[in-house]
Every structure is written in structure tokens, then in C-alpha cells.
Amino acid sequence: MQKALLVAALVLPLVVLGTRFAFLRTPQAEQGLRAGTFDPPREVPDFSLEGSNGRKLSPRDYPGKVVIVEFGYTNCQDVCPVTLAHLTGAWKKMGSAARDVQLIYITVDPAHDYPERLREHLTAFNPSFLGATGTPEELQAVQKAYGVVARQVASKNPALPYAMDHSSSLYLVDRQGKLRGLVPFGTPVDDIVHDVEFLLKEGA
Amino acid sequence: MISTGAGSAPSDVHPGNEVGLPAPPRKRRRGLFAIGVGAILTPVVFGSLWPVTFASREEIFEIPKGTFARHMAGDHHDILPSEIDLVVGIHNVLTLKNSDDVPQTFGPTLLMPGQSLRIPFTRPSENSFNCTAHTNGQLLVVVEAEPTWPWERLAWRVRWLLRRWSTS
Chain A
1 MQKALLVAAL
11 VLPLVVLGTR
21 FAFLRTPQAE
31 QGLRAGTFDP
41 PREVPDFSLE
51 GSNGRKLSPR
61 DYPGKVVIVE
71 FGYTNCQDVC
81 PVTLAHLTGA
91 WKKMGSAARD
101 VQLIYITVDP
111 AHDYPERLRE
121 HLTAFNPSFL
131 GATGTPEELQ
141 AVQKAYGVVA
151 RQVASKNPAL
161 PYAMDHSSSL
171 YLVDRQGKLR
181 GLVPFGTPVD
191 DIVHDVEFLL
201 KEGA
Chain B
1001 MISTGAGSAP
1011 SDVHPGNEVG
1021 LPAPPRKRRR
1031 GLFAIGVGAI
1041 LTPVVFGSLW
1051 PVTFASREEI
1061 FEIPKGTFAR
1071 HMAGDHHDIL
1081 PSEIDLVVGI
1091 HNVLTLKNSD
1101 DVPQTFGPTL
1111 LMPGQSLRIP
1121 FTRPSENSFN
1131 CTAHTNGQLL
1141 VVVEAEPTWP
1151 WERLAWRVRW
1161 LLRRWSTS
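Protein chains in written order, with the working numbering: chain A, 1 to 204; chain B, 1001 to 1168.
Bound conformation, chain A alone (with noise of 0.2 Å):
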């Protein structure tokens, strides 16, 4: 019995060891985008906004470029600055591939977010960064167009007069004007960096 319980002793751990390694997959080889990726592809949705340049702005404007669209607003204390900084460590990885990359940020927020606070907000976090900004009925075409959602609720914070829920996530377009990936919030650098490049090889 004391036998039986000493080999059962010794054998049950390595089972257990065994189907806990023996099964562990290795990562597979990456194939495409790490992001959400479309099926097909559409034509990226157009619009004609006030820049942060001072020109009108349109995601048509860059052919050859990689555009990174995303939605926010300059009072924004949680999702905005965290994306941001996302993104501008995203534009230091690149290094110089980043000139063949622009991000357009467009304001949920046109009651506050005029063109020169954009750069201002903008340029603190990568002066190449563009926002832009219309009409409340600009806006929100523009929204429902890539199916993004934002309205004004009750801020936490008392020295703002409301704060905007909005959509989070960023939007890939490749070189030729194709809307190809969704990105979501919180995405880490490298897998930002690694679906910009793999655009940017793509399409070169």
C-alpha cells in the first residue's frame, strides 16, 4: 500500500507537468494585422475639416501615407492622453518611417476644440500630429460615417463643464485609401508599431 502510495506520489506531479507543458503551443507565425482587420477593405470615409494647419483636411489628402485616424478631445482626462502617448511613443519606434505617417485627430468636442488649441494640444505630444474640427453637423456626419459614437455627459471633474463619452479606438488606412484596421484602446506601442510597418512594407 505504502508502495502504491509512494510511486502515485512520485508519478501524479509529473502527469500534471507533463499536460501542462506538453500542450503549450508555440506562438505562430504573424500573419497580417494585429488589429481588427476589414473584409474587404472600403474606400476610407471622406470629409473636409478645418486643420490644425490651417488648411482643410481630408484623409485623401495623403496618398502614399499610411493615416491614422482617431476621435477625441482636448479636455479629454482619461482615454485621450493615454492614446496620445501611445502614439507618440508609436512615432519614436518608427523613427524616420514615420514621415510616411499621419494622424488625424478629430475633435468630438467643436464648442472648445478650435484649430490652434488643437495644435497646441497636439504639438506637446508630436508636432507632426494634425487635428481638425468642423460644425456640430460636420462632426457628426463625419462620425456616423465610420460609426463612431460620442456624446456629452456630466464631468468628474468640477473644473470642466461636461466631459464627452466617445469612441476610442484608432483607424488604420493603408497607402492606397483603404480603411484596413480598427485598433482598440490601450493597444500596446509595439503592436501599433508592428501594423504601421507591415502598411508601410505593403504598400512600398
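A partial selection of chain B residues facing chain A, derived with a Cβ cut-off under 10 Å:
(1) Leu1111
(2) Met1112
(3) Pro1150
Rather than coming from a laboratory, the hints here were simulated on the basis of the structure.
Don't be surprised by glycine CBs; every beta carbon is placed ideally from N, CA and C.
Use these hints to put chain B onto chain A, whose structure you have.
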């Protein structure tokens, strides 16, 4: 002891049980006990040691043709699941297909008729998406870590069975 008749061998009954039904013999009781233990232990051992597998990494969620028209006609019965469960690494890709005739909003994006959105999930998380195909406008996507230790596999299988049971 009960005799079955003249010349016949005494039947195998439990002593002192002359008036009741004959009790099973000790050997038979042991056999039944072993079968019972085996019936419990086999699924427990199998469920703990056998790795969790799926036929595909992909979970396809299709918005059927006519969904929008049905909602507009006042049919608010949801034919689509309100929750989708995924497992990191082995069943972690959600493919949304819009087979309806109109664009449908899913999460932060718009899916055109005939278009698909393939979303890989790489971390355990709970994601609530806006979804115009649902009458309540919401779809919950629960992404669990891959169960790799035996007790994790067993717990995962129990949860899976409970979910199946609750949705059936």
C-alpha cells in the same frame, strides 16, 4: 438463510435479511462502488488533463439578412447571442460578418453590407460593444486566458457546461 427447495444449493442472501429483498453480494457491491468512482473520476481526470481545443481559432458572428427590417417591423426577439466567449491563443478571433442589406454599427465602426471585421483578441478582457443588430444595442465579448493547468481546464469545462446549460 432461505432455502430454495429440497436438494438445491442455498441462495446467496445476506444473513438476517430473511423478509426483505436479497442484498447484493459483497463482490457486486465492490464492483458497483468501483463503477461509481470510475464514473466520477473519469470525466474529472479527462477534463483536467485533456487540453482545451477548438475546431477553429475563429468565432463567426453573422448578422443575418433582414435583421434591420425585422427590428423595424417591431420584432424585438434577439436571434443573435448577447455574449460571445473566446479563449486567448486557441479561440481568440471574432469575425463579424454583416449579411444584412444595410450598414450595421459594431463597436466603434460601421460594417457595410457584405463586409467582415476580423478582430483578434490577445489578452483576457471583457469587451462591451455597441451593436445595432441587437435589440438592446449591446454585445459582450468575454476573452479568457487559456487554461493550461489541470484545475484550470476542469474549471473552464465546468463553466462551459454551465453556460451551455443556461442558454439551452
